[in-house]
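S.K.: All residue numbers for the sequence shown refer to our numbering, where the first residue is 12 and numbers rise by one.
In silico lysine-lysine, BS3-like type, Cα no more than 27 Å apart, as pairs: (1) 130 / 160; (2) 119 / 160; (3) 370 / 381.
Read the hints as simulated data drawn from the structure, not as lab findings.
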Amino acid sequence: MSRSQYLRRVLHRDQNPVSARVFEEQAGSLFLSPNTPDQGIDVYSLDPALSEITNSNEYMQDDRVSHSRSIIDDSIEIQDKKVDSLKSQGILQPPKGPGDTILSLRTKEDLKQYVAAAKGFQAFFIRQRHSYSPLTITYELFETLLLEKNVSPQFRDYVLYMGEREREVEMLSFCFGEFPWIFVTPSRLAQQRIDGYASCRHEGLEFNPFEIHLLLLDTAMANWRHYLIDLAAETDQHAAQSLGASPDDQGPINMADCGERQALMILDGKLQNAAIAIKSTIENVRAHLDCHRLLREGVSEVKEPAGGFIVSDLMEQLKELDTLVLRVDALRARLQGITSLVSSFLELNNGFALQSLAKDSGRENEEMRKLSERMHALTEKGTQDAAAIKVLTILTLIYLPATVVSNFFSTSFVNLQTSPGMSNHVVVSGDWWIFVAASVPLTLLTLYTWWVEEAVLLVQGLAQYNLERKYDLRPICPEYGLEK
12 MSRSQYLRRV LHRDQNPVSA RVFEEQAGSL FLSPNTPDQG IDVYSLDPAL SEITNSNEYM
72 QDDRVSHSRS IIDDSIEIQD KKVDSLKSQG ILQPPKGPGD TILSLRTKED LKQYVAAAKG
132 FQAFFIRQRH SYSPLTITYE LFETLLLEKN VSPQFRDYVL YMGEREREVE MLSFCFGEFP
192 WIFVTPSRLA QQRIDGYASC RHEGLEFNPF EIHLLLLDTA MANWRHYLID LAAETDQHAA
252 QSLGASPDDQ GPINMADCGE RQALMILDGK LQNAAIAIKS TIENVRAHLD CHRLLREGVS
312 EVKEPAGGFI VSDLMEQLKE LDTLVLRVDA LRARLQGITS LVSSFLELNN GFALQSLAKD
372 SGRENEEMRK LSERMHALTE KGTQDAAAIK VLTILTLIYL PATVVSNFFS TSFVNLQTSP
432 GMSNHVVVSG DWWIFVAASV PLTLLTLYTW WVEEAVLLVQ GLAQYNLERK YDLRPICPEY
492 GLEK
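Using the sequences and the hints, build the whole thing.
M.R.: And the structure:
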């Protein structure tokens with residue numbers, strides 16, 4: 012094997028080792044188990060009278076295609092007998108759905124016999140119950156299809172992420188090559204169009220692979236038009252909500268309703284995915300154009316009467332796809348403007364909220380200031396009352412001993428004496444010195460006792476303060492003003 016042949020096989024046929032490893036890991040979630048009753052491949056029914064090889068693209072026939080056609084033409088009689096045998100044995104059973112031209116191949120033996128008996132246009136349909144379910148085919152039947160139809164192993168990369176999955180996965184198409192028609196999970200509209208095109212066998216019309224590509228591309232483009240219309244309506248709804256709001260939240264629409272940043276992000280993701288898909292479709296159309304022009308080189312218009320029709324349709328599809336791209340770009344630009352407006356509104360709304368909080372804080376500070384002034388006035392009044400109480404206490408300490416002495420002796424040291432013809436006058440008893448001698452020492456003793464008690468409390472407070480500083484404890488004598 013030459014180096015060029017090796018590179019061609021590795022790059023255009025063999026599956027990448029990394030992709031092959033991932034494919035083996037995903038096979039369990041990609042295909043059904045062997046004993047599942049609904050598994051199988053759908054194909055068009057065999058009809059020897061309608062399955063003549065009528066490929067009109069003479070410019071696509073190389074030596075291998077011509078050789079294959081000669082082999083099949085020589086074995087038509089043998090294949091007709093195989094068809095009758097398959098039908099008599101009941102190997103080809105119709106599916107549960109409507110339609111008499113679709114058959115389901117359940118086993119690899121059925122598939123091998125069908126491939127050997129079928130002639131001309133062949134199409135294989137691999138179904139899927141829904142977007143996140145496994146393909147309705149077993150791994151063994153899928154590998155048999157690739158082997159019997161000589162399909163490149165790179166086709167596995169195309170179906171790698173079409174089974175069970177938690178999210179959508181972007182996929183790239185494999186390299187160009189000559190493969191049979193294998194449709195994986197076609198839409199209902201695409202299936203109807205393919206069936207309608209395949210029914211042309213009854214009229215003996217010729218098949219052109221580019222015509223099938225035109226049908227599929229037109230089907231996809233028709234879906235994109237309506238999808239973009241829905242995205243435009245959703246964008247208009249967000250625009251109306253944003254224009255109806257105001258930063259100070261005084262508009263007819265609440266800022267909480269127009270500030271759905273998650274919804275805007277999801278919508279932008281949809282537009283981005285649409286742009287990627289449409290641009291990828293544009294590249295596919297251009298690849299078809301290049302391939303068609305390459306194959307038409309050296310072919311006369313008599314042999315290829317539909318070439319201009321295909322080229323003109325592909326060019327029209329390119330123009331429409333370019334228009335769709337412009338539409339998506341316009342929607343994304345508008346959505347970015349809406350997102351910027353909402354962001355600005357939210358920032359301004361935050362400013363208004365902070366301003367309102369500042370006003371509330373100012374009012375609270377003013378109330379706290381007034382409360383502090385009232386507390387200060389109450390503190391001053393309490394201080395004055397405490398001073399007055401202290402004075403009263405001292406006076407009580409001074410006069411209380413004398414009162415006690417006077418009551419103890421029950422003696423009137425000062426009396427009023429009335430003389431005839433004269434007014435009342437004060438007369439001091441001769442024992443007055445007893446009152447002085449008893450009350451003065453007792454008063455001094457009382458004051459001394461009070462002073463000693465205050466000194467003892469002060470010393471205890473200082474000791475407690477030093478202890479708290481040493482062990483970092485809370486003060487227990489705050490009445491002395493001793494703080495940490």
